[in-house]
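Enquirer: Here are the chains, one letter per residue:
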Amino acid sequence: MTNIVVLAKLVPDLVEELEIAESGTALDMEWLRLIINEFDNHATEQAIILKERSGGEVTVIAPEAEGANEMLYTIAAKGADRLIMLKGDFEDGINNHALARAFAGAAKELKPDLVLTGVQANDDLDGSVGPLVAEYLGMSYVGYISGVSVSGETVVARKEYPGGLIAEMEVTLPAVLGIQAGEEPPRYVAISKVRQMMKTATIDEQEVGDLDASGGAMVQRMYVPEAAERAEMLEGDEEEVAARLVEIFKEAGLV
Amino acid sequence: MNQDIFVVVEHLRGQVADISYIMLAAARDLAQATGGEVVAVLLGHNAQALASNLAANHVLYGDHSSLAEFTSDAYTQALAGLLSKEAPRAAFFGSTSIGSDVAGVLSARLGLPLVSSCVQIADGNLISQICGGKIMAESALSDEVTTLVTVIPGGYKPAQGQAQTSPAVTTFEVSIAAPRVSLKQYIEPEVADVDISAENVLIAVGRGIQTEDNLELAEELAELLGGVVCASRPVVDQGWLPTARMVGKSGKSVKPKLYLALGISGAPEHVEGMADAEMIIAINMDPDAPIFDIATYGAEIDLFDLIDPLLEALEGA
Ligand SMILES: Cc1cc2nc3c(=O)[nH]c(=O)nc-3n(C[C@H](O)[C@H](O)[C@H](O)COP(=O)(O)OP(=O)(O)OC[C@H]3O[C@@H](n4cnc5c(N)ncnc54)[C@H](O)[C@@H]3O)c2cc1C
Ligand SMILES: Nc1ncnc2c1ncn2[C@@H]1O[C@H](COP(=O)(O)O)[C@@H](O)[C@H]1O
Chain A
43 MTNIVVLAKL VPDLVEELEI AESGTALDME WLRLIINEFD NHATEQAIIL KERSGGEVTV
103 IAPEAEGANE MLYTIAAKGA DRLIMLKGDF EDGINNHALA RAFAGAAKEL KPDLVLTGVQ
163 ANDDLDGSVG PLVAEYLGMS YVGYISGVSV SGETVVARKE YPGGLIAEME VTLPAVLGIQ
223 AGEEPPRYVA ISKVRQMMKT ATIDEQEVGD LDASGGAMVQ RMYVPEAAER AEMLEGDEEE
283 VAARLVEIFK EAGLV
Chain B
12 MNQDIFVVVE HLRGQVADIS YIMLAAARDL AQATGGEVVA VLLGHNAQAL ASNLAANHVL
72 YGDHSSLAEF TSDAYTQALA GLLSKEAPRA AFFGSTSIGS DVAGVLSARL GLPLVSSCVQ
132 IADGNLISQI CGGKIMAESA LSDEVTTLVT VIPGGYKPAQ GQAQTSPAVT TFEVSIAAPR
192 VSLKQYIEPE VADVDISAEN VLIAVGRGIQ TEDNLELAEE LAELLGGVVC ASRPVVDQGW
252 LPTARMVGKS GKSVKPKLYL ALGISGAPEH VEGMADAEMI IAINMDPDAP IFDIATYGAE
312 IDLFDLIDPL LEALEGA
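Protein chains in written order, with this note's numbering: chain A, 43 to 297; chain B, 12 to 328.
It should be emphasised that the hints constitute simulated quantities derived from the structure, not laboratory data. The beta-carbon is built from N, C-alpha and C at its ideal position, and this holds for glycine as well. It is possible that some hints are incorrect.
Covered stretches of chain A (in silico footprint by chain B; criterion: 3 or more residues with CB under 8 Å from a CB of chain B, positions within the stretch not fixed) [said to hold, decoys possible]:
#, stretch
1, 200-206
2, 218-229
3, 256-264
Bound conformation, chain A alone (with noise of 0.2 Å):
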């Protein structure tokens, strides 16, 4: 029976236009559109394939955002067991020392063996927060890990390396994973499911009071990049742009 807890935050869907806030130095979060990291996706996977392999509870936690509900019902409908949401200040955006002291906080409580996060969010600045996590739990961290298989007191974790190679690390409980990918793609869930949760399911609200910030990044600006030299952009319709790619193709004696 493993008490595996797994953390997960919300992050910009970059797809969207992103700006910077009038202080110059953090996201805008007004228009900013947010969706679970797709690595907490991972991890969720990989949390709910070893319950269903060996046994265990699943503890989800996340701090309040917009669509935070819906992600944690969406988690619960895959088949978690508990939801916990932490509430504090987070609206403006905190860095994820301030996050890891609070997940760390909520974590504890639970006495988890094992303990799965994303490897990395796309907007992390001050480091991940899994071995943030760690080490405020006292607990070792192995990250950019895609399989993991636990037997009693300890867990194998595939580690990958550049170019497919793979290190088995063998990590003594509890531990703190940053899972890159799970054994198997995220599932999917029927909305109708998710609905069904939203009834059923309940959400454990904790507050965490004052966030410690220390340890972040001392970030004097922000801004957008811009290339020196940006791609030649082909115009028009799509028989135009298909008709200039193989004159292209052409040139470089590709066909």
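Following the hints, put chain B with the ligands in place on chain A, whose structure we already have.
Expert: Frame of chain A; chain B with the ligands shown alone:
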């Protein structure tokens, strides 16, 4: 605290990783601003020879049997002792499977600030690339304590961090108590049907391809252009293509004559593996997609509108 910039050298199975040289080049820029030296920190077991071409003022070498292969716990213990004692102005780690396992833990353990995804140094500040390459952040070093930094490729070439002459090496004492993480074994990459790093023409598909069935369209293009299909990480993570077809940080580095990117945003982790292609053509509906910053040609168009006319035009060519 002194003004030196430490670089934690990464190596895997007897080979120094390119990110180490990239970090040394970045550290040189930063040391010029702080007025300190570049110090390479090498951890290993009987691994001193790896210091031979590091572009550093000198090398600190820590030898211990627990450091023969990378494991997070042993590395963290070795570095926590060294950083507290030496108190450099900054310490660089790769934003990699190695560096990311230790930088965050050290930040929390030693109470030191951490700046991640640094790609450039500008006037003594750290320039980070976040949000898939869509946002840059400029951070200052702390004046009081060591700033920990993780570095991504893109701003410096490995050659800039390599030296002709060997730097001086001094050893330092390492003590490691009962590590809780150990390496069981390495598992070699699966043998692939094709080697994408040897292909002249690559048709690369990203999340924009939407479904596994749509891969067929890319296959048809690849056939007409005499190339093969490769992909970004999300496509491989869905199980639609094998890992051997993945381009980027965790996948392969490629350098084809033509890299046609369909529905790929151009996140730094992807660009890392294909920026050196001779010609990059990017098809993407998002005018702000970072892929357009490195492409030779681009078209802001729906890939599903383009593919049929393109297939037709190629068949007629
Ligand atoms: C440790 C680590 C290692 C990683 N290693 C790798 C790696 O090796 N390789 C890799 O690729 N990624 C890697 N990643 C992931 C990387 O950060 C990005 O998430 C990934 O590259 C994004 O893939 P994508 O561009 O296909 O998807 P997205 O970023 O979602 O982009 C999809 C793009 O398609 C466009 N689009 C959508 N529909 C259409 C359409 N109909 N027509 C035209 N355009 C369309 C969108 O505008 C968007 O720009 C890694 C991440 C981490 C944290
Ligand atoms: N807001 C969300 N919270 C949690 N899971 C989600 C959310 N949106 C999508 N998913 C899951 O993410 C996976 C991919 O979904 P999609 O990105 O919509 O293709 C599916 O397994 C969905 O169940």
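Enquirer: Report the numbers of all earlier hints that the structure fails to satisfy, in ascending order.
Expert: none
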